[in-house]
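Given the structure of chain A, go ahead and fit chain B onto it with the hints provided.
Residue numbers (my numbering), protein chains in the order written: chain A, 228 to 432; chain B, 1072 to 1409.
A hint or two may mislead.
[What the hints assert, rightly or not] Derived, one-sided and incomplete: chain A residues facing chain B with beta-carbon distance under 8 Å: (1) 326; (2) 328; (3) 391; (4) 397; (5) 398; (6) 403; (7) 406.
Worth flagging that the hints you see were computed from the coordinates, not collected in a lab. Glycine included, each C-beta is placed from N, C-alpha and C at the ideal position.
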Amino acid sequence: MTAFYLYPLWLRLWHWLNALIFVTLLVTGVSMHFTLNWLIPFDVAVPIHNTAGVLLTGSWLLFVIGNLWGGNGKHYLINLRTLPKDLIAQTRYYLHGIFVGAPHPFHVSAEHKLNALQTLSYVGVMYGLMPVLILSGWAFLFSTSLPETLFGIGTVWIIAIVHLVVAWMLALFLIVHSYIITTGETPTTNLKAMVTGWHKEQSSG
Amino acid sequence: MLVSPLSDPRSGFSCLAYGQCGTALRRLLLLALLALTASAFALSTAASYGAAAQTAKKSGLLKEDSRDCMRCHWMETMAYRDRETGKIVNLSIDRDAYRHSVHHELACSDCHDRGYSHYPHRTSSADEALQCVECHEEREDDGAPNLVGLHHEYEKSVHVTEEVEDFSCFSCHNPHTFHPVSAGESIAQVVAETNGTCLDCHTELLTPVPKGHEWLPRPQAHWGSVRCLDCHTPLEGRITERPSHNVLAAEDSNQLCVECHSKGSALLSQLYNYRTEQARDEKGFFAQAIYNDAYIVGMTRNPWMDWIGLGVILLMILGVAAHGYARYRFHREQETSK
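Only chain A is shown next, with the shape it has when bound in the complex (with noise of 0.2 Å):
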């Protein structure tokens, strides 16, 4: 058995916290782009997912300082060189090799404890997504502030576009992230470490 002390106490609270307002985020948006009264109702919806944006933007604030100073930053380096083929490996086995018991082509390891698809999509979602969705987010806010239109278009209209294809595909990766967590060894292998923080494996690779 390998155990690998992957995600810092640090690491683990800023997940969940992040998770966490992610979640009230998209439920409150959800509720209030459709006028669901039911769920959540506007006039409470409005208040929680502005006060949730900001403490999102924290929440991001914290992740790049974790990453440039918590020594966390060196995981979400893309090597260009082994990227192609890394990926083609990890889509193979996602597509195929997972259904008949092909081996893992990427093992976990205190250096590397992200796969090349994994390590594209959040780079993608933490540095690229992300920051369009707080930034337009806090555009909504201060929306009386900027101009009334850009390019001939209503500004704020731009806006709303922007945060809500934005929320769309991050929806979407909230999904694909919730299922692959569960293609470890086992579907709690990845949960588990993201509780504890130890990465334990029985196979040793």
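Below, chain B without anything else, positioned relative to chain A:
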């Protein structure tokens, strides 16, 4: 009598000197210009006479018995001071506004049918009881819209239940100028016009933050794009053609932001339907499709985007569910083979 320069022996093409020839040509040109102007004037006069004749057919003010009235009532200064109230009563009829009003075909005597044959009119003439609802019922065959339903709404309105003194149709509607919303009018114009009717009496609301509207963010911005009636009439039983006449008291009025700022907004639907048509005319189909069902909070209520978004999410859920099921099957097979 005009004399042609050609017939003038002092001019003509037999002129010897260049200067003389130039003068004759100038005269010729001047005359041609005069003739052109005269014929143009004659044409335009004929055209305007034709237009006037056509208008005469349409406008009730040009009917014979109306002409006597309009000899005085066309004047802008036509007014008197009421002895009891001390207020100036305007008696002037804006002919242009009347021509564009819904009643433009009616002659004065069609409504003011008694007591006006004497001049000066007797004071009792002013006591005529003009009834919009009855008159419209009587003239339904002539195309007058039935106002009975509207009257029922009006009877429930705060203007009636609170027994506002001397309140009648005419408190809000001037029959000499009243006209429905025309297609060319912008939303801002429609809103300004209808809200102007309310604010004519409710002058206490003409402040930056009007009394009772403190809860409303950016009240002036709202008032520029939303009619008072959109919030101050009941949500139920609305129709697109006209706003309800059941004007609600402040405490009963709608204060729920989401009623406007959401899809299928009942509050905005009347004006919104109008806005949609107008947007299609002005911006074209594509822009209208993008802005379709736009609302302010979120502003992205585009059904297509929602369906695509929900579709992709659903497909993804189905995809991972199928993936998970296949894994489970493989796992079971392995277990049994062991």
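Interface hint for residue 403/A, Cβ within 8 Å of any Cβ on chain B: 7 Å, holds
Restraint satisfaction for residue 397/A [CB to CB of chain B, less than 8 Å]: At about 11 Å, which exceeds the 8 Å cut-off, the nearest Cβ of chain B leaves the hint on residue 397/A violated.
Interface restraint verdict for residue 326/A against chain B (beta-carbon cut-off 8 Å): 5 Å, holds
When the least beta-carbon distance from residue 328/A to chain B is tested against 8 Å, hint result: Holds, because the Cβ-Cβ distance from residue 328/A to chain B comes to roughly 7 Å (cut-off 8 Å).
When the least beta-carbon distance from residue 398/A to chain B is tested against 8 Å, hint result: Nearest chain B Cβ about 6 Å off; hint holds.
Minimum beta-carbon distance criterion (8 Å), residue 391/A to chain B: 5 Å, holds
Residue 406/A as chain B interface residue, shortest Cβ-Cβ below 8 Å: 4 Å, holds
Violated hints amount to a single one, hint 4; each of the other numbered hints is respected by the structure.
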